[in-house]
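If you read the sequences in order, they're chains A, D and C.
Here the first sequence stands for residues 1 to 165, where the numbers follow the working numbering.
Here the second sequence stands for residues 1 to 106, where the numbers follow the working numbering.
Here the third sequence stands for residues 1 to 630, where the numbers follow the working numbering.
These are calculated hints, taken from the structure and not from any lab test.
For every residue, glycine included, the Cβ atom is placed at its ideal position computed from N, Cα and C.
Be aware that a few hints might be false.
With a straight-line Cα cutoff of 25 angstroms, these simulated DSS-like cross-link-like pairs (lysine-lysine) come out [stated by the list, open to error]:
hint, chain 1, residue 1, chain 2, residue 2
1, A, Lys91, C, Lys569
2, A, Lys91, D, Lys103
3, C, Lys585, D, Lys103
Label pairs and their in silico Cβ distance ranges [what the hints assert, rightly or not]:
hint, chain 1, residue 1, chain 2, residue 2, range
4, D, Gly60, A, Val92, 28 to 38 angstroms
5, A, Val154, C, Arg25, 53 to 63 angstroms
6, A, Val154, C, Lys24, 28 to 38 angstroms
7, D, Asp61, C, Leu626, 24 to 34 angstroms
8, D, Gly60, A, Ile59, 17 to 27 angstroms
9, C, Leu626, A, Val154, 18 to 28 angstroms
With the C-beta cut set under 8 angstroms, the calculated list includes, among others, these residues of chain D facing chain C [stated by the list, open to error]:
hint, residue
10, Ile19
11, Val25
12, Leu29
13, His59
14, Asp61
15, Arg94
16, Val98
17, Leu101
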Amino acid sequence: MNPSLPFFVLASLSVFSALMVVLSRKPVHSVLYLIFCFFTIGGHYLLLNAQFLFAVHIIVYAGAIMVLFLFTLMFINMNKELEPHKTNLIKVAATVAAGCLLIVMVGVTKGAESLAANSTRTDVGTVANLGKALYGQYLLPFELISILLLAAMVGAVLLGKKSVE
Amino acid sequence: MNSILQYIPLNYYVALAAIIFAIGVMGVLFRRNAIIIFMCIELMLNAVNMLLTAFSTFHGDESGQVMVFFIMAVAAAEVAVGLAILVMIYNNIRTVDVDELNKLQG
Amino acid sequence: MVQFAWLIPLLPLLGFIIVGVLNKRLNVAMSGGIASAAVLFSFIISAIIFGEVAREGSIPERVVLYDWISSGNLSISFSFLIDRLSVIMLMVVTGVGTLIHLYSIGYMSHEQDHPRFFSYLNLFIFFMLLLVLGSNYIVMFVGWEGVGLCSYLLIGFWFKNIDYSNAAKKAFIMNRIGDLGLLLGVFLIYMTFGSVNFNEVFISAANLPQNNAAVTAICLLLFVGAMGKSAQIPLYTWLPDAMAGPTPVSALIHAATMVTAGIYMIVRSNVLYALSPDASSIVAFVGITTAFFAATIGLKQNDIKKVLAYSTVSQLGYMFVALGVGAYQTALFHVITHAFFKALLFLGAGSVIHAMSGEQDVRRMGALKKVLPITHLTFLIGTLAIVGLPPFAGFFSKDEILAKVWMYSPIMFVILAITSVLTAVYMFRLYWLTFYGEFRGSEHQKNHLHESPVTMTLPLIVLAVLSSVGGFIGMPELFHAPHFLNEFLSPVIFKSSHEEASHTFEILLMSVSVILLAIIMYATYSYYVTKKVKPEEDSEELDSFAKLLTNKYYVDEIYAAIITKPLDKLAAFVYKYIDQGLIDKTVNNTGTALNGISGQLRKLQNGNIGAYIFAMVIGIITILVLTMII
């Protein structure tokens, strides 16, 4: 078996599902495609030897964030009314703009193939190594992130609460 | 265990991330539903995350993956607050269509 | 003690601040008391310093307070020069200043706004002291401008009267014209000598040849400044109008001190003027013209203060003649005696006006001799002093000026002698009309007549004594008494005419003047008192010459026609076409254009989030493209 085959399979699935997120008519379908897209991206993490990141990604994105999205959709009950779409002109313009961005980004990052792999380490993504980095060099940002999350939580609760007259 | 990068060049991942990012941008421009726009933003963030991980593995440096953690944390916070705001907007004006949210008109 | 010279100007400044800040919380005795005390203490310190400087062999001392301006080669310190010239001026300014402050307590007792008056008066004394103490032209200039400011504030003290404010503005603007000349002169001094310090300038000037073009230009420019401040032709018209201010102000600023600043400045710069006979003769010419011209106007004025004002202009002309002929000590001598007797006359006039409830027209006065005995007596002494009757102060200084002029040019002597006669005529006319004859005022004024309070009469008496004996500091050689002033000033006057008129001439001059004065006194008495001729009312028809004099040669009208009106027209033109037409239109159109552009631009801010994101994406693409290209 060609060892690069998993990449191409996963990559085509990622692109397809990402496209379907954008193109689906119903928001719920978009959400479901997005979950699938996240799983394929998780697959890429595995291919890249980032097992811990894979676990976190599935838990946070597929588990928490997407549930939040579904929950909100249900809350708003958006599914039954079909969202009015933009005019064709805007759609074309959006596609062209995104295409331009893509071309430009690929153009800008053209030099990446000339980079030589300067490491053969395979244990970068292990829990042990990441743990050392997070609680060592990145301790302060790590702790600050907790404050950010706390603030976000307080904010979300405050916003979600029905205002008391 | 060997990583995939021993079989494919790095710029395949660059291209893949760029494609997903561009799709996300297209979605933001394309759709009027604020929740879908949010999802597209998540898509863009994930494209970046994937690229960071690819480079991290490529260079054998865990900093890239640590950055991914931070991005996930920020994304979680952003989604929590953003969706709360959306729910509030919906409660007030019964729509999440961004074309209707034009109260900032100059 | 000389090192404490900085206290002299500081005290009036403190007085200004205290009275100015406490303002309405003070009653007239307190505000006047503080202000007078400040000047009195300055006077005491001045007197002590005077005593030290007067000692034999004292040398001029510089008291440096701090380095003020230091830039490149230019270094100006804020410093005082204590020499014999400045201490004399100190004594005059603080001495007369104290008396006039004291007088003001009585004079301003009915005035609501007295703290403002006293604070301005103290501020004036402060600047005047800076002017005379400064050891370089820049500090002097600060004082010079400061006294101009205070003069403006005090002339316009009753600013609610539009005529008075206009008089204040006139004084200020005319002084500005002169100040420009002075400033240019100072610049030229710095260019020529590389310094503005008196000592250095005079030392380097001493090496220059006579009639050096630069020195002549400097002298003429400085003289333009003196013309403005000391009211000489053509810049004299502000001084008579300045009588709008309260009478103590007229006495202090417009008779005794500020207007003599020009003379002080020229005496201070005597080295330069001695080098330039051309400039000196111009000074003499302007002085004599002013003296004669103002005296003729004084003959026909009916306002008691206006007469004194024109007499001041005329006397200042005398001083400039003395400066022009190189008799610097004599000019200063006349400054001193004039400060005594003119302050006395003004304060006497103020006392009369006070008694007459504000009436200033001599046609409404008369027979005040009995009700105002002290005022009458002191006014008489002042009159005798100014007309030059021996042994009163004016006689000695005036006689000395005449003698010096005789040596310089007999023609000028004749003109000056005629001017003296005119002075006597208008002063006696004023005196007789005010104090003799019948009372011509209203019944109400008659009932109100009273002698002034002691704070007013005391300064009058002191000044009367000084006017009587002040002349003895400069006795002519004839009496074989030492000329104190000349000896005292000899260290600061570098070059002076020492030619003395012959004794025969002196005796002749003296006896002729006494006889002439007696004749004039009798003639005016018989004309105004015995025949009871009184000046024409405004409505009466006058013959052409009298009309010319009454209207002051129409100088104000001529100035209005040739300067003010064209300037007004120019200003109107500039206002209409340049200001409104060009500048305003440019500004307005810029505003309108920007408004229109903004109106278009705000449409970009359409509130559509999609459009914003679209713009953002295009921006990102552009940046990336630029990154690729560069």
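Would you say the C-beta atoms of valine 154 (chain A) and lysine 24 (chain C) sit inside 28 to 38 angstroms of each other? At 59 angstroms between Cβs, range violated.
Given leucine 29 (chain D) as an interface hint, is the shortest Cβ-Cβ distance to chain C below 8 angstroms? Holds, because the Cβ-Cβ distance from leucine 29 (chain D) to chain C comes to roughly 6 angstroms (cut-off 8 angstroms).
Hint check: 8 angstroms Cβ-Cβ cutoff, isoleucine 19 (chain D) to chain C: Violated. Min distance 16 angstroms.
Interface restraint verdict for valine 25 (chain D) against chain C (beta-carbon cut-off 8 angstroms): 6 angstroms, holds
Below or equal to 25 angstroms on CA atoms is what counts here, so check lysine 91 (chain A) against lysine 569 (chain C). Roughly 70 angstroms between the alpha carbons, so the hint for lysine 91 (chain A) and lysine 569 (chain C) is violated.
Is the shortest C-beta separation between histidine 59 (chain D) and chain C less than 8 angstroms? Hint on histidine 59 (chain D): violated, closest Cβ of chain C at ~22 angstroms, above 8 angstroms.
Could one say that the CB atoms of glycine 60 (chain D) and valine 92 (chain A) fall in the range 28 to 38 angstroms? Roughly 44 angstroms apart at Cβ, these two residues miss the hinted range, so it is violated.
Whether the CB-CB distance between leucine 626 (chain C) and valine 154 (chain A) falls inside 18 to 28 angstroms: Violated - the Cβ-Cβ distance for leucine 626 (chain C) and valine 154 (chain A), about 41 angstroms, lies outside 18 to 28 angstroms.
Status of the given 24 to 34 angstroms range, CB of leucine 626 (chain C) versus CB of aspartate 61 (chain D): 30 angstroms, holds
Distance restraint hint 53 to 63 angstroms, applied to the beta-carbon atoms of valine 154 (chain A) and arginine 25 (chain C): 58 angstroms, holds
Lysine 585 (chain C) and lysine 103 (chain D): Cα distance at most 25 angstroms? Violated - the C-alpha atoms of lysine 103 (chain D) and lysine 585 (chain C) are around 37 angstroms apart, more than 25 angstroms.
Restraint: arginine 94 (chain D) near chain C, CB-CB cut 8 angstroms. Satisfied or not? Hint violated; arginine 94 (chain D) Cβ to chain C Cβ min 18 angstroms, cut 8 angstroms.
Hints 1, 3, 4, 6, 9, 10, 13, 14 and 15 from the list above are not met by this structure, while the remaining hints are.
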